[in-house]
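From first to last, the protein sequence lines are chains E and D. In terms of the numbering used here, the first sequence opens at residue 76 and continues consecutively. In terms of the numbering used here, the second sequence opens at residue 664 and continues consecutively.
Where hints are given, some of them may not hold.
Claimed, not checked - Chain D stretches covered by chain E per the calculated footprint, using a threshold of three residues with CB under 8 Å from any CB of chain E:
1) 702 to 715
2) 721 to 732
3) 736 to 746
4) 772 to 785
Since the hints were made in silico from the structure, they are not lab data. Using N, Cα and C, we set each Cβ at its ideal position, and we do this for glycine too.
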Amino acid sequence: MRGLRLGLALVALAGMGCATDPASRLRAAEKENQRLTQQVQDADRALQSVGAYTEELRSPGKSGRSFNLYFTPASLEQQASRVLPMRMPARSFHEKLQGDVIVERLYDVRFGPGNTLTCRALLRGDNVRYTGSVPKAYQAEVRRFQSGVAAGVVADLVVDLSLSDTSLVARASAMRTKLQANSSANAEGMLRQQVNERALRLPFTFDLTIQGAGAVPRRMVLTANHLVVTYAP
Amino acid sequence: MRGSLRDMKMSRWYGWPVLALCAAGCASGRGGRSGSATERRLEDLEARNAAMQQELSRKQVELNQSFQALSQAEAAAGLNNLGCVGVAPATGQVQGLPRSGAVHAQFVLRGQPHRMTVTFSPPRTSGPWRLSQGTCTVVKP
Numbered sequence: 076m077r078g079l080r081l082g083l084a085l086v087a088l089a090g091m092g093c094a095t096d097p098a099s100r101l102r103a104a105e106k107e108n109q110r111l112t113q114q115v116q117d118a119d120r121a122l123q124s125v126g127a128y129t130e131e132l133r134s135p136g137k138s139g140r141s142f143n144l145y146f147t148p149a150s151l152e153q154q155a156s157r158v159l160p161m162r163m164p165a166r167s168f169h170e171k172l173q174g175d176v177i178v179e180r181l182y183d184v185r186f187g188p189g190n191t192l193t194c195r196a197l198l199r200g201d202n203v204r205y206t207g208s209v210p211k212a213y214q215a216e217v218r219r220f221q222s223g224v225a226a227g228v229v230a231d232l233v234v235d236l237s238l239s240d241t242s243l244v245a246r247a248s249a250m251r252t253k254l255q256a257n258s259s260a261n262a263e264g265m266l267r268q269q270v271n272e273r274a275l276r277l278p279f280t281f282d283l284t285i286q287g288a289g290a291v292p293r294r295m296v297l298t299a300n301h302l303v304v305t306y307a308p
Numbered sequence: 664m665r666g667s668l669r670d671m672k673m674s675r676w677y678g679w680p681v682l683a684l685c686a687a688g689c690a691s692g693r694g695g696r697s698g699s700a701t702e703r704r705l706e707d708l709e710a711r712n713a714a715m716q717q718e719l720s721r722k723q724v725e726l727n728q729s730f731q732a733l734s735q736a737e738a739a740a741g742l743n744n745l746g747c748v749g750v751a752p753a754t755g756q757v758q759g760l761p762r763s764g765a766v767h768a769q770f771v772l773r774g775q776p777h778r779m780t781v782t783f784s785p786p787r788t789s790g791p792w793r794l795s796q797g798t799c800t801v802v803k804p
């Protein structure tokens, strides 16, 4: 019996290896090529922006009729606090959840290299219930998860910023989610996956067009101290 | 004990032919198509991807280094801790700085449009810069 199982496992393993036929490998390589092309373009643009900003710091006014708007991590947190708390249906995180998730606050904003910022989001479940069928053996675990979410979840986020035409595009992903109570690696891992696949699937877009002004955003640079948006006619 | 020994022997007998068959199958799958247009395109694409990955890594290293340098350059230029501040060169006419109260950003959150506005204090000159301290607010619908 064990021999048969081993045989089947070997067939399955070998089958996985064989499944990478040229056509599917080509599709994967094309997808990877698109991703890399975009990332190289973003990196090029970021390097150009850094070069232009460095030059401007050395020689103010030489870059022509431009001006900058500066934001610190603290000022971004303050602006986020005017939007939060924000209530969203729990099914935004998982189709079989009912109740609400409240995004309480955004904090610990830090600017990093490569136009990337990190921050933390505090979430809290309000009457969150799993509506799928749960085997009896796992019901206690689900109850622990529900009360854990009600106690609060801290999500560690990494946000990639880029400028696309006149919009600042923020692509966020959760690196870790931590239940404030009833911590469980399994539940937290699943929660992180759902946050990334559903709630953060689409990027946040900020249209930076200034109303009634003749200048448009030309570049964006993130330093350790500031988010700098440069406008020019 | 004897049973498990027998199972091990069986697994050896089952395992090797299965592996050999699959290896042969994979080899024939690749070998049979080597030189095909798909295979050549795949090799070309994988080589380009590897080169692009290296290029990207180089640029990321460059960006990381410039990140440190920029912070020092800002400090040297006297631009520190500017939260919601409009900055323009002190010399020359600058057009386009938002009027106080003007919307400078808009975004949609959960289907609701939000607007960000800024109200500026009178500008002050600091070295070669003209700084206009602003108060940024978010207007909910």
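Here's how the hints hold up against the structure:
no.: 1; hint: 702 to 715; in the structure: holds (count 8)
no.: 2; hint: 721 to 732; in the structure: holds (count 9)
no.: 3; hint: 736 to 746; in the structure: holds (count 10)
no.: 4; hint: 772 to 785; in the structure: holds (count 5)
Figure legend: structure checked against the earlier numbered hints; every hint is met.
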